[in-house]
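Enquirer: Model the placement of chain B with the ligands on the given structure of chain A, informed by the hints.
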Amino acid sequence: MDYRKMWGELGMDVETHDNLCAALPPAFTEIYLSQKNRPEGMGFWDMVVADIHGIRPAELIEERKKGRKVFGTFCLYVPDEIIIALNGIVTGLCGGSEFWVPDGEKHLPKGMCPLVKASLGAYYGRTCPFFRVTDLFVGETTCDGKKKAYEIMSQDAPVYVIDMPQMKRDEDVVKLAREYRKFASKCEIVTGNSLTIDKLNEAIRITNNKRKAMQRVYNARKNADNIPISGKDALLMTQIAFFDDPVRCAQMCDKLADELEERNRRGVSVFDKGTKRIMVTGTPLAIPNWKLHHIIETSGGAVVCEEMCTGVRYIENLVDEDGGSLDDVILNLARRYMKNNCSCFTPNPGRIEDIIRLAEEYHVDGVIDVNLKFCTTFDTEGILVEKALKEAGIKVLGIETDYNDGDSEQLKTRIQAFFEML
Amino acid sequence: MKRIGIDIGSTNAKLALLDEKGIVLHLLAQETGFSSLEACNSLLGRLGEFGIDVSECRIASTGYGRDIVKNAERRITEISCHAKGAARIFSRSDFLLIDVGGQDTKVISVRRGEVEDFAMNDKCSAGTGRFLDVMAKIFGLDVGSLVELASKGRGTSVGISSLCTVFAESEVISLIGRAVPKEEIAYAIVYSIAQKVASQAARISADDSGVFLTGGMCENAFFVEMLSECLKKRVVTDPKARYAGCIGAAMFLETPMN
Ligand code: SF4
Ligand code: SF4
Chain A
1 MDYRKMWGEL GMDVETHDNL CAALPPAFTE IYLSQKNRPE GMGFWDMVVA DIHGIRPAEL
61 IEERKKGRKV FGTFCLYVPD EIIIALNGIV TGLCGGSEFW VPDGEKHLPK GMCPLVKASL
121 GAYYGRTCPF FRVTDLFVGE TTCDGKKKAY EIMSQDAPVY VIDMPQMKRD EDVVKLAREY
181 RKFASKCEIV TGNSLTIDKL NEAIRITNNK RKAMQRVYNA RKNADNIPIS GKDALLMTQI
241 AFFDDPVRCA QMCDKLADEL EERNRRGVSV FDKGTKRIMV TGTPLAIPNW KLHHIIETSG
301 GAVVCEEMCT GVRYIENLVD EDGGSLDDVI LNLARRYMKN NCSCFTPNPG RIEDIIRLAE
361 EYHVDGVIDV NLKFCTTFDT EGILVEKALK EAGIKVLGIE TDYNDGDSEQ LKTRIQAFFE
421 ML
Chain B
1001 MKRIGIDIGS TNAKLALLDE KGIVLHLLAQ ETGFSSLEAC NSLLGRLGEF GIDVSECRIA
1061 STGYGRDIVK NAERRITEIS CHAKGAARIF SRSDFLLIDV GGQDTKVISV RRGEVEDFAM
1121 NDKCSAGTGR FLDVMAKIFG LDVGSLVELA SKGRGTSVGI SSLCTVFAES EVISLIGRAV
1181 PKEEIAYAIV YSIAQKVASQ AARISADDSG VFLTGGMCEN AFFVEMLSEC LKKRVVTDPK
1241 ARYAGCIGAA MFLETPMN
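Protein sequence lines, in the order shown, are assigned to chains A and B.
For the first sequence, the working numbering gives the first residue as 1, with consecutive numbering after it.
For the second sequence, the working numbering gives the first residue as 1001, with consecutive numbering after it.
Chain A on its own, in the form it takes in the complex (with noise of 0.2 Å):
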């Protein structure tokens, strides 16, 4: 289907998105359909990007011209659930592309993490038709880079911030459930509902589901004797959802959940006996950054766990089902979200055990560590998840990359000598 009337009636920079139009399918090809042995279920997440910014964008305008508003998110901490129960719709919006890195760079220094600079590049360049739907942009102060960027998007953009606290104490916990209380009734304000406990409890129950049939995708990674996905795979269904209908995306994930452990069952597996069973941690991986799990998946090893926000930061850990009043559903909610132990805290000695408890629940043969360039805060972290690590006796590779290919080979030779090493 030729989405390109769409495009052009979003206000899109038509011409410009065609090149990445042209570049993703090679790509993806590449990366992905060239793998063997895929599961079935994959099916779906390879129509959906085949059509990324088509199929999902025009049900987004669909649902808008029923009165339904949008909420674009660039973080684990903004509860999906405040939204989904005032009937709005969340799509995440973070780039993982090099493509929107140099309109980022137009409007922002250089020296900024590519994440950043690929999502302000997708506003400004017009080239992303999640940014055109959006409704109001939800921003949060958690790294530095994206505190200023939001102030930069909201001089022609409607965006709201959400308050972070820096450290996990008691009295964060409650400021945290505050701020959540007001974002309840910014949403309130946008979507022109009111929020009702039955509602919110309705909404935790949607996305509690959705965490449940993820994390049954995930454990069927952690079987010790067969890989029944391969990473990027997994990786690809973990970044898709943070943009689908979250009873879709559970329907779809248990779908797949189902034959993996089937596949565990019958020992069918995507890899040769002998594979070095990974974990990656860090810096979230966006969608289409496919770039790290490519190399690690080409050069003898699988990914079998992701520490990450586009992994198992995204799904570990439910919000309490049966809460009370209002005010302690809210509380319950900033409770989960607390659990997500980003490097913004400080200190977040939460990571480091999550790394070293899943290292073994996902029998990893070694973790590697990886950074955006320019992410201080994960990067600063990486030295002490590295000394942890080694303390106990997990082997770990550190490792710096940018959106670009232009360190791809370099990122081989190390990863291939970590491989070397297991």
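Simulated from the structure, these hints should not be mistaken for laboratory data.
Everything numeric in this text was worked out from a predicted model, so none of it was measured.
Glycine included, each C-beta is placed from N, C-alpha and C at the ideal position.
One-sided excerpt, in silico: chain A residues whose CB lies under 10 Å from chain B:
1. 383
2. 390
3. 395
4. 396
5. 397
6. 398
7. 419
Covered by chain A, per the in silico footprint, the following chain B stretches (three or more residues, Cβ under 8 Å):
8. 1071-1079
9. 1103-1116
Expert: The following block gives chain B with the ligands in isolation, referenced to the frame of chain A:
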């Protein structure tokens, strides 16, 4: 069967021929030039001069050009090969290996003859041989003469503070403009790279095992001295050290593939 290890690096290509017992028979080197394939073929061709029939030998390759070595039965990264080769050359199994190459600098911690941990600087040329190349050119010297000149500039208070080769280059030019004696600038240059390599090494090693230097820089005595100073540890090297990679590659043919 005799064993050949070929190391196709970005600047130099090297070859080691080992006999059945693992004794090193021949070591060859030449510039890689524009074609790694040609460099590889020419190295193999030179074995003919010693009456060696390459088709009767087993081959393993390493280095960034390892994939172009057609008949290699094993391809191993330079990290693993350097460690193995160095363990042989230095007859030690626990040590810290520093390789300052043309395009990258590697620090490898070796335990029981195996790579235990490593760090590689390959994105920024400031801590690599490339930095010295650029600086030597400003003076119209080769790297060896620059390092020698540096030894006469000891005790200077002149320093290079830029972390980046391009900025360091302008710093050097402005020092020349201020008529600072050449040997003092040269000293500052060599000191700066030794410092960078030392701080990279500090992230990898904590204990007191020996430090061995391989790669092109090991032929510059004053650099070895400076590095020892910056690391506060004695750095040892060996004339065969630049062949560590290819010797290591050939040695990999002794161990069965797992
Ligand atoms: S890494 Fe931190 S700031 Fe970035 S999305 Fe995750 S939680 Fe948010
Ligand atoms: S990767 Fe780091 S710098 Fe980039 S947006 Fe996330 S927290 Fe900020």
